[in-house]
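Chemist: One-letter residues, chain by chain:
There are 4 protein chains.
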Amino acid sequence: MQKDKIFIGVIGGGDCSDDVYNLAEQVGERIAQAGAILVCGGLGGVMEAASKGAKKGGGTTIGILPGIDKSQANSYIDIPVATGLGEGRNLLVIRNSDVVIALPGKYGTLSEIGFCLALGKPMIGLSTWDVSQDMIKAEDAEDAVKMALTKVMKHG
Amino acid sequence: MQKDKIFIGVIGGGDCSDDVYNLAEQVGERIAQAGAILVCGGLGGVMEAASKGAKKGGGTTIGILPGIDKSQANSYIDIPVATGLGEGRNLLVIRNSDVVIALPGKYGTLSEIGFCLALGKPMIGLSTWDVSQDMIKAEDAEDAVKMALTKVMKHG
Amino acid sequence: MQKDKIFIGVIGGGDCSDDVYNLAEQVGERIAQAGAILVCGGLGGVMEAASKGAKKGGGTTIGILPGIDKSQANSYIDIPVATGLGEGRNLLVIRNSDVVIALPGKYGTLSEIGFCLALGKPMIGLSTWDVSQDMIKAEDAEDAVKMALTKVMKHG
Amino acid sequence: MQKDKIFIGVIGGGDCSDDVYNLAEQVGERIAQAGAILVCGGLGGVMEAASKGAKKGGGTTIGILPGIDKSQANSYIDIPVATGLGEGRNLLVIRNSDVVIALPGKYGTLSEIGFCLALGKPMIGLSTWDVSQDMIKAEDAEDAVKMALTKVMKHG
Chain A
0 MQKDKIFIGV
10 IGGGDCSDDV
20 YNLAEQVGER
30 IAQAGAILVC
40 GGLGGVMEAA
50 SKGAKKGGGT
60 TIGILPGIDK
70 SQANSYIDIP
80 VATGLGEGRN
90 LLVIRNSDVV
100 IALPGKYGTL
110 SEIGFCLALG
120 KPMIGLSTWD
130 VSQDMIKAED
140 AEDAVKMALT
150 KVMKHG
Chain B
0 MQKDKIFIGV
10 IGGGDCSDDV
20 YNLAEQVGER
30 IAQAGAILVC
40 GGLGGVMEAA
50 SKGAKKGGGT
60 TIGILPGIDK
70 SQANSYIDIP
80 VATGLGEGRN
90 LLVIRNSDVV
100 IALPGKYGTL
110 SEIGFCLALG
120 KPMIGLSTWD
130 VSQDMIKAED
140 AEDAVKMALT
150 KVMKHG
Chain C
0 MQKDKIFIGV
10 IGGGDCSDDV
20 YNLAEQVGER
30 IAQAGAILVC
40 GGLGGVMEAA
50 SKGAKKGGGT
60 TIGILPGIDK
70 SQANSYIDIP
80 VATGLGEGRN
90 LLVIRNSDVV
100 IALPGKYGTL
110 SEIGFCLALG
120 KPMIGLSTWD
130 VSQDMIKAED
140 AEDAVKMALT
150 KVMKHG
Chain D
0 MQKDKIFIGV
10 IGGGDCSDDV
20 YNLAEQVGER
30 IAQAGAILVC
40 GGLGGVMEAA
50 SKGAKKGGGT
60 TIGILPGIDK
70 SQANSYIDIP
80 VATGLGEGRN
90 LLVIRNSDVV
100 IALPGKYGTL
110 SEIGFCLALG
120 KPMIGLSTWD
130 VSQDMIKAED
140 AEDAVKMALT
150 KVMKHG
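Protein sequences, first through last, are from chains A, B, C and D. Sequential numbering of the first sequence, starting at 0, is according to numbering that gives the first Met the number 0. Sequential numbering of the second sequence, starting at 0, is according to numbering that gives the first Met the number 0. Sequential numbering of the third sequence, starting at 0, is according to numbering that gives the first Met the number 0. Sequential numbering of the fourth sequence, starting at 0, is according to numbering that gives the first Met the number 0.
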């Protein structure tokens, strides 16, 4: 049963630089290696990179999509969830994560950071919006996933 | 990749008789045996029975939940999706299904039948609300899953 | 304060015959004359007719829209509410109504009838889907609005 | 028809200091005096203060609520909209505003700022989260409402 695993959300821009793509891929791979499930928004950029990494690591990926068409999902998503909620799906990404790792992104990412902190879920920041001391800052992908696992064990 | 598989929704009451439970379990098992993924509302009754059957058949089960807590899902759900939308999750069950099989249920099931027909998705009825000629009536579990697969291939 | 008034939902097809349009207009007018607020889906057909009638009767009209653009609302809506939820707005129409009057409509209307009955809210049917004994059948517009007011007073 | 008016969103904390309450009340009053409609989250703190000010100024107030019970709305709301979407209603507050004025608030307010900027709607900040140069900073209530009106005219 996948449901007993830890669900780790990865958020970040739908477009991103190669450096950020690499970083997100490493985060995704380490999530899978830790036996956790990746939850993301299912589209491109950071979401695609994290999903690609998670599949490389042998994990399972859930993509919570804004539209009603599951074919919108990037190629590395195992389980697409078509919401038809538009940006409202951002909240569902957070609701389905036990802990969230935020990478660089724009205002959509900021809305997700807001929701995550509002719900009191642990949030790890990796070179992202620096808006709150409630966000734990990580140095690199390895550090971020380690912190996520530690936090969710304390929190859950 | 699970995303390339057919997603079959099963809808029906959160409480049900033993007969309906058995029927839903058979439907779930045949869905899994056909290599399709089961989508349901993730709770008890018909949803639980179909999920139980799908796991018996070696399949994957997605439970789209009304609340925000994935532990709400029945024991046979692999991928719980916590929506926090209340009854609004009924629409997401339909949106995530390529075809829907309706079993006996109450008014929540009726709302899902309405959505499914409104979206023009193929709908198979098995001893359920008899509200439309656009619903295809099946005789038993085997018949229902066969019809679902036939319809989704024509429709998709 | 409008909030202390009774909110009466009117549901029905986005396209309708002239006869149904006239009926919906009468329903809307009587809702306004009774001092209640009209809630509807904000678009054409039955929704437009009921809104037109309510404005003729000097009332207030709320249109809960599927899209994100409030200009989608028909000309008789005072307060458009842009949800961006697509058909998911059907549930919000019901949630915002103390009692619902259903006129002829297609599957979207059926989903709303399902939700209304699922939420246990009083539902008055006027020449619409005949799916449940929990729906109270009215003869004409006057009868429907009278029943709605009676029911909401008992229910509230 | 209210629908032809400008809809101005006011966002901010559900709890606030007396100073912020006074500021929000002034903002609400000036919105009403300008002939615009106030959209807010319908609860306490900044939302209540802005609604109170808008009613003092003779305006109309819409409260888009997280729950399913319209009685949740503060006493100054004319039109409560019960969404049942929880924090998801934050997005609906933004979707229903032509321009948004942000006052001090916590993480819920941050999620709304993120959504507003993501949707490319003009956003006026009044002593709130300083997260983006796309947010226009105002000095006081008068300034904020003036800027909001100017921006929405250019933007619309």
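Keep in mind the hints are simulated off the structure, nothing from the lab. Any given hint could turn out to be false.
Since the list gives no way to pick out one identical chain from another, each pair is judged satisfied if it fits inside one copy or across any two copies.
[To be verified] Lysine-lysine pairs mimicking PhoX-like chemistry, simulated, CA-CA at most 20 Å apart:
1. K150 to K51
2. K120 to K4
3. K69 to K120
4. K153 to K51
5. K54 to K153
6. K120 to K153
7. K54 to K4
8. K150 to K54
9. K69 to K150
10. K54 to K2
11. K4 to K105
12. K136 to K55
13. K150 to K120
Because the structure is a prediction, the values reported are computed rather than measured.
Chemist: Each hint: holds or not?
Modeler: Hints, one by one, checked against the model:
1. K150 to K51: Close neither inside one copy (24 Å) nor across copies (33 Å); limit 20 Å.
2. K120 to K4: Within one copy only: 17 Å inside a chain, 33 Å across chains, cut-off 20 Å.
3. K69 to K120: between (27 Å within a copy, 14 Å between copies)
4. K153 to K51: neither (28 Å within a copy, 32 Å between copies)
5. K54 to K153: This pair counts as neither: shortest intra-copy Cα distance 27 Å, inter-copy 31 Å.
6. K120 to K153: within (11 Å within a copy, 39 Å between copies)
7. K54 to K4: both (16 Å within a copy, 17 Å between copies)
8. K150 to K54: Answer is neither: 24 Å inside a copy and 32 Å across each miss the 20 Å cutoff.
9. K69 to K150: Cα proximity of K69 and K150: across copies only (18 Å, versus 32 Å in one copy).
10. K54 to K2: both (18 Å within a copy, 13 Å between copies)
11. K4 to K105: Answer is neither: 29 Å inside a copy and 31 Å across each miss the 20 Å cutoff.
12. K136 to K55: neither (25 Å within a copy, 44 Å between copies)
13. K150 to K120: within (9 Å within a copy, 36 Å between copies)
Hint compliance for this structure: hints 1, 4, 5, 8, 11, 12 are broken, all remaining hints hold.
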